[in-house]
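Trainee: Please construct the entire structure, taking both the sequences and the accompanying hints into account.
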Amino acid sequence: MLKQWMAGGVLALAALLPAVQPPTDFSIPSARKIFEKTRQDTLNFWTRPEVADPAGGYRLWFDADGNACTPTPASPDAPDAGKPLLSELRVLWAHAVAIPCTADPAERVRLRRQYEHGFAFLDRYRDPATGLFIKAVDENGNPSNRDITAITQAYVVYIMSEIAGEISDRRAFDLAQSTFEKLDQLAHDPEHGGYFEAIRPAANRDKSVGTNLHMALALARLMKVNPTGPTRARLAELVGILTSEKLLHPASGNGYMLMTADWKPKRTQAAADMQVLYGHNAELVWYVLEAAEMLRIHPDELRPWLKRVSAPIIRHGIFPDGKAAIFGPFEGEPQPVEVPRWWTQLELMNMLLRMYEVTGEAEYYALFEKAARFSYAHLVNPANGVWYGGVNLKTGERFHQGGWAWKSGLHVIRAMRLMSASLDRLREGWKPVRRYKTAADLPRRAIQVSLGYPYNHNRSAASLVSEVKANGYDAIFLIIKEKELLPKDLVRTARAAGLQVWGSFFGPATFMPDSLFPPESENWRMEFTVKRPNRYFSYVHKPYQEWWKRYLASFYDRNEFDGFVFYESHYGTRFGKGEFFGDISPGFIEHFQRNTGHSKFPNFTDPAHPDYYKTNIALYRDYVEYRLKSINDFYREIWDGEGGLRRRHPEVIFGSWTIALAGDETQMAEMREAEAQDGARMVAGTLPDFHFLQSHWPDWIPEKQTPEYLTGYRPYMKAVRDAFPGLPLAVQGDFASTVPYRRTPGWERKFERTAKRVGFDFTAFYEFHVRHQVHFDPPRPVSGEVDAAGNGCVVFDQVISPESANTLEGRALTGNRKLTGVRTDGNLLLFNVGGPVSAAEAVTVPLAGITDDPSLRVPMPGIGTGRVNPVPPETRIRLQFKGN
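Those letters in the sequence shown? Residues -19 to -1, 1 to 865, per mature numbering (1 follows the signal peptide of the UniProt record, and there is no 0), in order.
Keep in mind the hints are simulated off the structure, nothing from the lab.
Fair warning: there could be bad hints in the mix.
Okay, derived cross-link-like pairs now, SDA-like style, lysine to any residue, Cα gap no bigger than 25 angstroms in a straight line [as the list claims (entries may be wrong)]: (1) 18 / 48; (2) 462 / 375; (3) 375 / 81; (4) 18 / 81; (5) 462 / 622; (6) 581 / 555; (7) 462 / 839; (8) 18 / 407; (9) 595 / 151; (10) 731 / 692; (11) 581 / 553; (12) 699 / 422; (13) 863 / 451; (14) 731 / 678; (15) 523 / 631; (16) 418 / 221; (17) 581 / 596; (18) 595 / 207.
So the derived label-pair ranges between C-beta atoms look like this [said to hold, decoys possible]: (19) 836 / 862: 16 to 24 angstroms; (20) 125 / 171: 28 to 36 angstroms; (21) 425 / 725: 19 to 27 angstroms; (22) 271 / 479: 36 to 44 angstroms; (23) 479 / 10: 41 to 49 angstroms; (24) 524 / 87: 33 to 41 angstroms; (25) 599 / 558: 20 to 28 angstroms; (26) 496 / 174: 53 to 61 angstroms.
Positions of the beta carbon are idealized from the N, C-alpha and C atoms, including for glycine.
Mentor: This is how it looks when you write it as structure tokens:
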């Protein structure tokens, strides 16, 4: 019989096709295609119109052929009947995952409507006394199990955090955070750590390992969308507990299921051969890896523990045919498995693939392939691609596709997504997991240098490097805005001088010429409620992200740059006087609606409009969240997507960057809302080696401003450091580049001292050619040398005028010498002293007449390029002999 349904924007044809052969090739490219199809098939199944229950929430029970059914009271499945909260949450999550994957706008609106239907039903589970959630309601939404358990709340935190990250639903964001806070208050053990299982009734003080490992995953997901110090502290505590030997049987290494309050092993009430749950042990491995990533713990630090936990799973938890064991004793062989379960099989596959990704040991991938072949041969319905809950290998009886044992799509969809991500990372072959760089790898005084200005034209790499070093900087942040060729051997020359060279770019392509981009880039432009002076590209466009990958590869594949940063990846918005909002371009609106499922978009100009941002506050709050997500997604795709820069060049230092405006937590919250700047959220979403705070223009532009304004960045620093302690932080200052004054060298030094006092690890200044000395001070000779052939060089702290240098030609020196062949290379004065020089000979060069070059300056408002600054007449320098 042929059945059709519309789901997820895809017309799925399900037919009984007994001749269909299950896949057997699970090599990396083949497995990736298989898993992508399974993911879509399962999303289609669990988001069909018939999944929505008119009585509220979702229908959970579907038979082996996908038809809605109801278990009879006599059925052994009856205890799972009704609507357990965990199952409802899992289906709700499937809708959130499906929405951004759906191209058809009408179908997407239906999915969002069905999502809202399920979200509203969550109120039926809310306990008015605690604000937490009961375990289950009946088919009509009336409480059927009023117990309040930690595992239920952990699932609320987990699913709501996932949803917030998927579709930017601010309600989910708030619910995840508030549920964690209430759970922590009522179930956390302040003495021994971790969480008790029972909240109401609270007599049982035992601890379930399953609950605590699920809580760890929940907090790892919460850290991605709302990274805070308390969340991190609890996550770190749980990882410490879960990776301790006390949770593992000393002889077998099997994980315990139940513990006492002080974390001593305890038997469950089940039989002796049901004390180990292999699926939870497999989950323990990859849950801890997910948590460790948010704690910036490298997998190698966990490798001995990971191998100890996975060893008994491999030894006893996998049968020769690839079937996963379900239960077993503390020691010895597991129970025979006549009915393999979908979730155990999936968790085993995911764990094996993750272990291969971490270790590169081929045994794990071979076992993954074996488990995958068994799963697709026995547990997947060939008619619709959806997994059964189980199958009786002796009788051939197929178990339900939904409802039975709380099966509702999450394990399949999640495993397919996670395994696909692992396979993507393995596509080019196994590589060690990249290590974070540390503060020791970073510079201390960086300077931003744009090669596009006349000041930096027509000079060698040696010239630029020597001037940077003469001014005490140890890193060059090249501001790259075009396809300009770098000075030959710049990186090699800089490294020989002890300097780093970084590539730095404007994320929205501000100041980059239109000629760099294809004609379709007109569709990438941001739009605002008022006309803005510059052109910005929006971060949401896939072709724009791909353009960046190619552009960055063209530089980093040819130059061994030390680091990378994107500048000013933000959305311009201003409240109050001169108010404007953005991005409101058609392209951004389309992506917002696709990624949230909303059919509407906030209105910012008409207070009478029903979706005016101060009226439809819920829609506006989702808009705020989506802008934050879009910037993080932009970073991650360009860094870690296929062909991404961090995948191509893991040796490079990667920094994230947000703009700060001095003030308190209220000001920080306004920057989050107005310009989508949230340092902690960006760190959580991009996992950089360090984070930069840029001084916003209202902070650097006042003429009388002092470096003390950096103390107003403490809230931003605290937000990042509370969630990611030890993460290096840097701050960028400005020489006052667009006003009729410049910050003096003394001001710059005070800025650096203040930055260090406040807690920053290093500083950078914008930018090299507009510093105070270039405009107001005469060139200062820093060093001079001469070789045995008499060829000399004087290094100045700024570019000197070639015309002024010409006045030195033929100038007399001591010992009947004179300067010949005088020429310049930027800040370098080059010459010959009139013949060979011995090491014992002292050669001094008078420099009177040397001046700077006003024609190379950026004109200052009301001042222009300014006056010529000559060196004092008595200026001279003794040359150091450098030999041949």
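Trainee: All the hints need checking, so say for each whether the structure fits it.
Mentor: Quick rundown of the hints versus the structure:
A threshold of 25 angstroms between alpha carbons decides the hint, and for residue 18 with residue 48 the separation of about 21 angstroms falls inside it, so the pair holds. As the CA atoms of residue 462 and residue 375 are separated by approximately 67 angstroms, the hinted pair breaks the 25 angstroms bound. With a C-alpha separation of about 41 angstroms, the suggested pairing of residue 375 with residue 81 is violated against the 25 angstroms cut-off. Straight-line distance between C-alpha atoms of residue 18 and residue 81 comes to about 16 angstroms, which keeps the hinted pair within the 25 angstroms bound.
For the hint linking residue 462 to residue 622, the alpha-carbon distance of about 23 angstroms falls within 25 angstroms, and the restraint holds. For a cut-off of 25 angstroms, the pair hint linking residue 581 to residue 555 stands: about 22 angstroms separates their Cα positions. Between residue 462 and residue 839 the CA atoms are separated by roughly 17 angstroms; this keeps the pair inside 25 angstroms, and the hint holds. At roughly 19 angstroms between alpha-carbon atoms, residue 18 and residue 407 fall within 25 angstroms of each other, so this suggested pair holds.
A C-alpha spacing of about 16 angstroms is found between residue 595 and residue 151, which places the hinted pair at or below 25 angstroms, so the restraint holds. A hinted pair counts as satisfied when its Cα atoms are at most 25 angstroms apart, and residue 731 with residue 692 qualifies at roughly 13 angstroms. For the suggested pair residue 581 and residue 553, the alpha carbons sit about 21 angstroms apart, so the restraint of at most 25 angstroms is met. Straight-line distance between C-alpha atoms of residue 699 and residue 422 comes to about 22 angstroms, which keeps the hinted pair within the 25 angstroms bound.
This hinted pair checks out: residue 863 and residue 451 have alpha carbons roughly 18 angstroms apart, not beyond 25 angstroms. Annotation: proposed proximity of residue 731 to residue 678 holds, straight-line Cα distance about 19 angstroms (limit 25 angstroms). Distance restraint check for residue 523 and residue 631: the Cα-Cα separation of roughly 23 angstroms lies within the 25 angstroms cut-off, and the hinted pair is therefore satisfied. Only pairs whose Cα atoms come within 25 angstroms are accepted, and residue 418 paired with residue 221 is accepted, the gap being roughly 23 angstroms.
As the CA atoms of residue 581 and residue 596 are separated by approximately 13 angstroms, the hinted pair is consistent with the 25 angstroms bound. A hinted pair counts as satisfied when its Cα atoms are at most 25 angstroms apart, and residue 595 with residue 207 qualifies at roughly 24 angstroms. About 35 angstroms separates the C-beta atoms of residue 836 and residue 862, a value inconsistent with the hinted range of 16 to 24 angstroms. At roughly 33 angstroms, the beta carbons of residue 125 and residue 171 sit within the given window of 28 to 36 angstroms.
Distance hint check for residue 425 and residue 725: the Cβ-Cβ separation is about 20 angstroms, which falls inside the suggested range of 19 to 27 angstroms. Separated by about 39 angstroms at the C-beta atoms, residue 271 and residue 479 satisfy the suggested range of 36 to 44 angstroms. A C-beta distance of roughly 45 angstroms is found between residue 479 and residue 10, which places it inside the suggested range of 41 to 49 angstroms. The beta-carbon spacing between residue 524 and residue 87, approximately 25 angstroms, falls outside the hinted interval of 33 to 41 angstroms.
Between residue 599 and residue 558, the C-beta spacing of about 27 angstroms keeps the proposed range 20 to 28 angstroms intact. At about 59 angstroms, the CB distance of residue 496 to residue 174 agrees with the hint of 53 to 61 angstroms.
When held up to the earlier numbered hints, the structure conflicts with 2, 3, 19, 24 and fits the remainder.
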